[in-house]
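Enquirer: Sequence:
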Amino acid sequence: MAEVRVLALDFVGTLAGHGPAPDGRLTAKVLGALPGTVIPDDFPARFDDVTHRLRDSGRSRGVRGTFAARLRRAAQDCGAAVPDLRLAMDAVFTALPDARIDPEAASALRSLHATGLRCVLASNTDRPERVRLQTLRDSNIADCFDALVLSGTLGIRKPDPRFYAAVAEAAACPPGNILFVGDNPENDAVGPHAYGMPAVHVTAGPRPVGLPAAIATISHLRELAAHLNDPRGKPS
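In our numbering, the protein residues as written are 1 to 236.
If you're looking for bench data, these hints aren't it; they were derived computationally from the structure. Mixed in with the good hints there might be a few duds.
Unchecked claim - In silico EDC-like links for lysine to aspartate or glutamate, alpha-carbon gap of 16 Å or less:
id: 1; residue 1: Lys29; residue 2: Asp41
id: 2; residue 1: Lys29; residue 2: Glu104
id: 3; residue 1: Lys29; residue 2: Asp42
id: 4; residue 1: Lys29; residue 2: Asp48
Just so we're clear, the structure is a prediction, and the values are computed from it rather than from any experiment.
Working from the sequences, and respecting the hints, build out all of it.
Expert: Structure follows, in structure tokens:
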């Protein structure tokens, strides 16, 4: 078994709860204050409709539409002018609170990092890196991370193998030395395992059906240290 040198940690469901998602009303309010942006009165309804349609179609295909895609589609549908998409996204997610980090998970992470394990945040998120980094600072765990690999910045989402390649590059070590930890069976367990990374699935419920035997499960991040110290439970 390769030595675990780096933890690749998911965010929502692993370190934090679920944060609020931007709806049409908030998005219109924020964008309306940006220079050069023109937001018609029907934009909020159009944005919410696009969100529901893309969510339903994405669920059937096993993918999730990005905020940028929803914003572009809604703007096209109602004739809105959004000249700087990156500025618009930054403004919306600055106005919208991020998910709250679980204090017990933060404490567990600090203890794990103190043992010498390096950490990479590996998250599917529309939030800009600046916003997510501030969330980590607010919980005093930003210094635990050597790098942040975020789908919104990378332009690739888990479980695309290129996402795990980016994690390995950010970690600067082989995939076999990176332990991927997260709550989504496909994105955080099966996907990285197929790429060559050992993985631990975080779930408060029963073990998912079909999860490869090599992937262990824990109910909370606080259990990871004991799992790593147990020769029977170490990932292989």
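Enquirer: All the hints need checking, so say for each whether the structure fits it.
Expert: Outcome of the hint check:
1. The suggested pairing of Lys29 with Asp41 holds, with an alpha-carbon distance near 11 Å, which does not exceed 16 Å.
2. Annotation: proposed proximity of Lys29 to Glu104 is violated, straight-line Cα distance about 35 Å (limit 16 Å).
3. Between the alpha carbons of Lys29 and Asp42 the distance comes to roughly 12 Å, so the proposed pair stays at or under 16 Å and holds.
4. For the given pair, Lys29 sits about 14 Å from Asp48 by alpha-carbon distance, which is consistent with the 16 Å threshold.
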